[in-house]
Structure formats: structure tokens, C-alpha cells
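Engineer: Modelling step: build the complete structure from the supplied sequences, incorporating the hints.
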Amino acid sequence: MFTVNELMAYRLSQELRNDEMGFVGVGSSGRAFVFAVGLPMVASRLAQLTHAPHFSVQMGPLIDPILEPLPSRWFDSIAYDRDAPAFIDAVDNLDALQRGRVDISFISGAQIDAYGNVNVTRVTRPDGSHAHLVGALALPEHQAFAQRAIVLADLSKRTFVEQVDFVSGVGRRSKGKRRDELGLPGGGPVLVMTDRAVFDFSPETDRMRLLELYPGQSVDSVLAAMSFTPEIADNLTALDAPPAEVVALIRDRIDPEKVFLGVEP
Amino acid sequence: MTSEFSIGEQVTVALSRQFRDGDTCFTGLTTGPGAVLFGTCIPLAAMALAQQTHAPNLTILFAGWSVNPQLSRLTRLPDLEFANEFMSMPAEAHITGYPNSIGYKRGDVTVGFSVGAQVDRYGSLNSTLIGDIALPKVRLVGPILQPLHFTHFGREFVMMPRHDSLTFVESVDYRSGAGHQLTREERAAAGLNPDAGPALVVTPLGLFAFDGPGRSMSALSLNPGVTPDQVRENTGFEVAGLDEAPTTAEPTEEELRILRTSVDPNNVLGLRDVDISAVAPREKA
Amino acid sequence: MTVHPTRQSKLTTVTDLASRVSDGMTLAVGGFGVYGRPMAFVRELIRLERKDLTVVTTTSGQETELLVGAGLVRRLETAYAGLEKWGLARRVRAAVEAGEIEIADYDEVMSFDRFRAAQDGLTSFSANYMHGSSLPEQNPDMKPTTNPLTGAPEHAIPAASADIAIVHVPAADRFGNAAMPADQMMPQGLDLTTVRAFDRVLLTAENIVDTNALTRFPQRVQIPCFLIEAVAHAPWGAHPGAMLGSYDADGEHFDELVEAGASAETFDKYLGKYVREVSDNDAYLDLVGINTLLKIQRRSFK
Amino acid sequence: MKEKLRTIEDLASTIEDGMTIGIGGSTLRRHPMALLRELVRQGRKDLTLQAWLGGLDFDFLVGAGAVRRIECAYVGLGPLGLSPNVRRLADSGELDVRFFTESSMIARFKAAAAGHPFGITRVIAGTDYDDPELIREITDPFTGATLHAVAPAQPQVTLLHGYYSDEFGNIQRPTRYNRDDVDVLLASASDRVIVTVEQLISHDEVVRRPHSTYLPHHWVDGVALAPFGAHPGPCDALYEPDFAALDDYLAAAKDPEKFRQYLETNVLPSKNNGDYLARVTSPATLAAIRIADEV
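In order, the protein sequence lines correspond to chains A, B, C and D.
149 is the number that our numbering gives to position 149 of the first sequence; each next residue is one higher, with no gaps.
212 is the number that our numbering gives to position 212 of the second sequence; each next residue is one higher, with no gaps.
79 is the number that our numbering gives to position 79 of the third sequence; each next residue is one higher, with no gaps.
228 is the number that our numbering gives to position 228 of the fourth sequence; each next residue is one higher, with no gaps.
The hints are simulated quantities; they were obtained by calculation from the structure and are not laboratory data.
For each residue, glycine too, the CB sits at the ideal point set by N, CA and C.
Hints are all accurate, no fakes.
Keeping only pairs whose Cα atoms sit at most 25 Å apart, straight-line, the calculated DSS-like set for lysine-lysine is:
1) Lys45(D) <-> Lys258(D)
2) Lys4(D) <-> Lys295(C)
3) Lys295(C) <-> Lys85(C)
4) Lys105(B) <-> Lys143(C)
5) Lys273(C) <-> Lys85(C)
6) Lys273(C) <-> Lys295(C)
7) Lys4(D) <-> Lys302(C)
8) Lys271(D) <-> Lys295(C)
9) Lys273(C) <-> Lys51(C)
10) Lys45(D) <-> Lys271(D)
11) Lys254(D) <-> Lys45(D)
12) Lys258(D) <-> Lys271(D)
Partner residues are not named here, just some residues of chain C that face chain D (Cβ under 8 Å, in silico):
13) Pro170
14) Met180
15) Pro181
16) Val209
17) Ala213
18) Pro235
19) Asp282
20) Ile290
21) Leu294
22) Gln297
23) Arg299
24) Lys302
Just so you have them, the derived chain C footprint on chain D, three or more residues with Cβ under 8 Å:
25) 169-183
26) 278-285
Structural biologist: Pasting the structure below:
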């Protein structure tokens, strides 16, 4: 037995490599917290405890905080107060990000389009008026400058749209231009992990491409939850359940109080 | 079916079962490799194991100054009590005054550990000299804290890395710590805890208590493969209850798991590698 | 730091702490002068209407004034009973003058030595500077003796003895490990002796902190868990006195306290307002008010 | 060095309607809330707010009707989600919202701090951040590449909440603190700087650890004592968020009428920050959120 979050955390951890640095943000609450903090944190710790003991985590100003135990509560004023080898100013951290010193960033947003552009700024209502969201934080920088970015979101017609209302962070191409034409040095989004399936991007068309299906999902069930039709990989695979020892590790050791993965889709 | 385990692990687990919940246990670094294993490593591991099994309220008082240190952080066993590794290890308290900051004389310590060159039938321990008091044949380290251990600590656990007739003698040459020759009544009359004094002896051959006649040494359990005759041959006095003594209990799977993954994940205390021959009785001259 | 889940918490309420003191007991009280007195505990003892207590301190301040003024005390052993810049402890004075309480005076250093002897498990110690003073005359517990090594005249002084000791600390975890400020001062050093000197020791704490917060700075923790029977949270628990490293004395409140000490009736009104008609420490703090508490706040650099 | 210790009321009175002000802290934490409450008491309006990550500070001033325009990379309440007052007035068009990204907002403050005519950023390409007033496309004179220039952000006055200060306005931080803000850069970019602090300490204590001073006295125009001055938000190292008071705030902020009542009950009639605290919380709660100085 496993939950969707546990499967996502396991699949995400497989993308994290030894000697890389991943940036984990600060999230709000509910599913937004699971995407911004919960999944990245559990996947990072899982990677450290399995195949990538030297995977580094940057958590806001903290570089490589001791992650055992992960904090049982999570908000600004205690998140910083952990043992860690280094603590960097916000301005310096953003300079480092722009120089490509972050290997992997975790992205989530209110809208994601077929080219991996992400909107966290404002949504346009049918009548043309705007609903303002909280703003981008450094999401545009992470999509522009990190070596690669992984997008995390639940599949829904509202979220997965042909074109986002506002491009906050640039995907494989935006406004008709590819990343290299736009002068963006980072790798940009390479994978999109959802609650039903995993996507990458077609190297030819730059469009999202269905790559892996979770247990119980089909091409139809995935397409039914999207407003655009992605490409489908020739080698589309069905993912297995996460190994029992991984599930046990998450439940017993990494997140026993369900602070990080408590909110399922 | 229990996993394979070393004799060091078996003795550690057996010792851990001797602690009571709420005990405050004092040990430090001892002198010499055999003494370090018996006086330091086995007690530390046994205490930490007890904390995670039946005695969560046990307090480890390491070297008299570090309270409940997180030993699992160790990646090597330091040589000195005030090594950086110990000073930077997370602990619940670091006590800076000595000796009055711990109420040694108030009976705050309920279990002590000591190692010596000779132990006798009533548990008197000698760490001072061999031979004549006025002109000894061998001068050892001195009594250190043993006079206090054997009178003020609740129960004294004597840790003996060797078990032979040169170390287990009818009467020690010098009583650094007073055994049960000092009776309950005499202890009470002096205002001391009547129950204090030696309570347990741990050796490569087994575990011993003081339930023999006149609180003399008695066998609690013999380690696997050890016969009553082997103990008799290697002990300079009669040990009560030898023929009835059971074999030292085997560790459970759970105790082994805690010991290996939580108490000492890096095998710093060396329990997994303990070879019984390294602490076996000396050849008789 | 992994703490075993079944390890027993010693955290309780101030009421439960105070209820461990029974009538007729001897109580050693921490603090020095107007500093670090366990006032929340003292107020709770008064609400519980304990009586016939013997109070042992090195020096006495407002805690003894309240206990004596509320009629809980039969005997006092100390070197000083006063309120420093705020003058005499008027209710203590009145009680002694009326013969209502028995008082055993000691020299101040001797008073400390009695705690140190208790910490060391001694029943008595000797002093060679009492003959010629009136102290042994007034205090028959000091017994004339002769030094067996030199033959010099001395007095045997009894070690302090108490059924229960109570100390107010800046921060403690739920197991009774307690931390002192980085710039620990003399009164807090004295509290360490008190904690180590008696069989049953209770703590009230300004802050209850996570054990993991203490294991980072174990050198700040001079009170280890195994010495402590129970601990309770009592923020601003030394008010109106000062807590070094946390807040200053509340001078206006002291003025009110001293004024109330003029007579049994006025002091009774003070006790009614600030102690008997107040349910607990939280309610007491509401009465004192946030503005006053913030005005006396003096947080140390950390 | 000049003596700069003032009351919060005096400091607030130096801020005029229509000014552009910078505010320190981020999301929930360490905003100069006591000072902002005094600004609302004094009826300030038409302000332009500039910050890196706005939060409780923006929501409060916007909800109180003091703000015309905001410029920042974020405005929300962290773990508590959206900023209700900002969301409402932004959606209705009454509030002029100028969103940037984290590094492009910082580029604006950096330009102001260094006295440069504009900042340069590469992050705008391909996005919809196309504010014609504050962002313009430019060509790299060396490589010919397309870049974006951003206008400097130079507050007329910046309001910060800090930890410790002496009477001269040397502002010190504790050994362990949170760096997830740009308070120093904001101060550096600003014409004037006003700071409230949790605790006044002696100058003798300050000079013993110059490395702990993050805002030197000559940057600071006035300092005032405000214990629990970031309430109901947290001040890292000294206290956690007061979640009960934040819940009350949030419940009020979701409805303009309720928010007006909140102001009329808790903020407008309060004589000072202690008086406000007495209305919205209790000593027991302050003790519960306080972080011990010993650890």
C-alpha cells in the first residue's frame, strides 16, 4: 500500500543526483505546501538516505540543514533555526541562482501550459478581470537560471492549459521563441510530475509529452484531466509501486508526523 | 531465529537488562584497551540500549560532566574524556564544576562502574597496588573515585576484562573500594546507604551478583560455552550457585537492531568485533 | 537528539508543584535578595493555605515577606530578611516582634556554607568565628566544639536541611534540564547549589523549551534532569522581583507591596488583590498588565 | 554620533501622505507592525509601498486604506495563504499592483543603493512582466544581446523592525537570526531609515561586538523601542507568530466591514503597542510564543 504523495516523492527522489544542490522553497498551505516544500523535502531526504548521500539542499537561507529529524512544525521563524554548515543572505542567494549555482529547482503554479510556462502572478477571469495571486517570488529566476527545473502539480483542466494567462516563469518556449532565442541560460523545466502521470518535453516540438503512467491510470484518464493534448512518448511506461522499504522509510523515519506529505490530492 | 551476534553484544544486552528505569549511571573513559571495552564501551552501549527499551528515564552521566550525550554521533572513540568529539557532541547538560556539582555524596548516582586489578569474594576492588601496602610489588593508578563509588553510589557494577585466579582472589591486597566485608549494618551506622556497594560483576565468563553466603559472589549467568568448572579453575574463591547458573540470555532481534542502528551505528564502541580470546583468562604461570 | 517516546515528562502545573508541599514541611527557597524568587509558586502556596512551614534561605526577600505576611510560616532560617532598596520586610519584622515566628540567624557566608554542606552530603561543618558573637546564644543549633586536630574552639554548624526546594529558572525542558543565561550571575550560581543540595527539587521556569534546543548548548545547562522532581511553566514567575537576563524588578509594584506591609489589614488587602482573588499565574499577569511587563522586560543579547 | 531615540508616535509623524516608503521583513516575519499601526492611527494615506516580499505589513496598510500602489515580488501571508485585503483591492482595481520577480526587485534596490540610473536583469525575457513605466528592453552594448532595464526603487523613507539598538541607532542582530529578507539593502537604497527594535541595550554592550551591527547609526534617522513590535507576526530568534491573533486578523481581513471593526476595536483606540497587545492577546500568549534567550 502506498499513497500518491509517497509515489511522487519516490519518483522525484530518483531525479536527484549525488553532489547536486536542490533548492526547496517556502510554501503556504495545503497542496501548495506539498508541492513547494513537502515533496521536494521528502524526496531530498529520501535521496540522501538511499542513492545520493551527498545531495545538498538549500532551504531559504540555510545551506544543507541537518534534516533528521525534519521539523515537526513548519513556518518562517523556526525553519531558519536549524543546525547547518552555512547560512547565506537573500541577495547573495539570488545572485548565486542567476549564476547557475542551483542544480535543481522545484516549481509549482496555478497554471501550466503546453510548453511548460508557469503562471503564479494573476489569472484572467472569463469577463476579462484579473484575480491576483501572491506573486512570483523567485520562480521566474528558477525557471530561467537553474540547471534544470521539475514542475509539480495536480492534473486538472484548470491548471493544465494550452497557454497560461500570464507567463511568470518561462518553459521550453514562450511567445514563439525558444529558450536559447530568449537568452535564458538555465535548463528550464525538464519534467512535470503530477498526481496521475509524469511528463517530459518533446525535443522536436518543445511540447509536454506523456512519459509515465501511475498505477491505475490510463492515457484516457490523464488526457481527460488536461485542457490541452500533450504528445505521447513512444516508450510510454507504466510505473510500479514504490518499494515497500521506501514507503517504510518515508512513514517511519522521514515524515512520521505527516507534516510534509499529509495533504493528498 | 535470531541473527548472529558477538559475545560483546550479548554481554552488553545482558548488562542493559540490569538497569532500572530512573537510574542515574556514571561511567568515564578507563585506562587500557581491555578496561576501555569493559569499563566504557559496554556500559555506554548498555545504558543507551536500556534508554531505548525498558528504561527511558535512565540518565547517562558520562565522565561526570556530560549528561545524556548522543553517542550515536561518534565516528571514532576519542582517547580523552575532554576530547573535542565529546565536547561538541549534543548532550542535555555539560556540568562544569567538579566534584561538588554532582551530589556524589548525596547519593544522586544510582549505578557506578569500576575496573580493577583484583576483586575478591565480597566484591572489594583493588586498583591501587599489588603486594605489601608499605612496599608494593606493583603500584597501579591509585584508588581514584572507588572509595566513594562503593559507599555512596546506589549499586556498583564491577567490570573485569580478565577473569582468572590472579584477578579473582580470596582477598584483595588493597581495598580501593569496600565490598560486603563492610556490612549493611556497618554502613547504616556510619550514615551511609546500607544497600550500596558491589552489586554486579561482568567478566568474559559471565555475570555475577552477590547473593552468596554473607553477600558473597554468586553466579548470575555464564556466557555460552563457559562451564562451571572453567569458572572454578579461574576463580580464587568459591562462587555460589555456579552449577545452577543459566546461560547468559541471548539478545532479541529488536535489541540487536537498536544496538546496531541506533545506539552505535558506526560500530565505534567495537562491540560487534569483540573476540572472546582477546579478553580470555591468562595462561597460568 | 532522539528522546525515547515513553520517557516520562516532569512538566506539570504550578498548582501541582505547590500542592507537593504539606503543612509543617521545611522549604528551601531559591533566589537571592529581590532576584529570581519563585514568586508564582509562593503565591500558589498562599492560595493553598499551607501552614507551619519552616523556610530556609540564604537571604530572604519578598518571597518570605509574602509567606510570613500570609501566615504560612512558623520558623525562618536565614542571614537576611529585607527588600534591598525598598527597605525592611515589614511583615517579617512584625511577626518576629510579636513572637509569631521563630527565627534562626546565620552569618551570610555561613548561610551559603549550610547549602554547600547539604550539597556535599554533610550533616554539619565547623566555623571558628562564632565565639564572641551573639549568634550561638540566639541560635542553639550552633554547638560549641573543639577542633580534634588543633584543639581550637569552634562551633558545629548544621547543614541546611529541607523536605523540598523550589527554584525559578530562565529555561527548562520537560525533563527538568534547565539552562542559565550566557552571562550567569552570582544569584544564579547560588541557585545551582540549592538544586544540588536537597532530595526533592521543584523548578518553575520562565520558558519551557524543547530538549533539542538545549542539546545545542549543553554548557548552558548546569541543572541536569536527574536532580529534578517536577517542573512547571511560570512566565514572569519572579515578578515583582527581577529575573536576571529576562526582566528588571517592578519598582512601582514594590512600592505598593511595602506600603501594604504597614499593617496586617493593609497587607491582607494586598494578598487579596494579587494572590487570593487571582486564580493562577496567567490571571496574575493579566492583572499586572502587558504594558508593565513589557516596560520591565530586559532581554539579554543572544 | 547623534542621540536618535524617539517615540513611535514621533517617528510616524515624520512620514507624509503620498510618500513612497520601503518596508522591511518578509511575508509574516519581522515587519515594523507597531510603527505601521501608528501610521494608521495618524491617518496616513496615498502611500506607495516598496518591498522585496510584502505580507502582513502590506495587507494591514492596504486594508486600512493607506495605500495607493505597491511594488514587490510577492504579497501573501506565507503559511496562511493569500493576502485578503491586497487581493480584494487589487482585483477591484483600486490598488495599483506592480509585481516584479525576486531578483528584478532586488536589481531595483541595488540600483538605488549604488546611485545607478537603472538596474539590469535577464529574467524578464519571455515573461509577461512588461510594466512600461518601470521595465524597458535594452541592448547589451558589448554583445548586442537583449536585456531589460528596471527603474531604481528608492524609498523616501524605509521602515524596519530590528532586534537590539543603542541610543544612537546602531542596530544589532542576535547570533542566530533569519536572513531571508533584504533589510540592509532596503536601508541602503532609501533616503531615510526609521527602525523599531525589541530591546534597547547599552552602547558599551554594542561596541564589544561591532560584527553584530547590521545597520550602522549613520544610516539610521530615528529609532524607537517596540517590544513585540512585529506582532502578530514573528521576530526570528525572539518570538514565534501569534497564530491565534493572526487567525483573528485574517478573519477580519477577509471582509472590509469586519476589518474596519478590527481597526476600530484594536488599533485606532490603542494608546501604544502595549495597549494594542492588551486588546488582542494576553501575557500568557506572549510567554508562549516567546523564544527563550538562553537557547
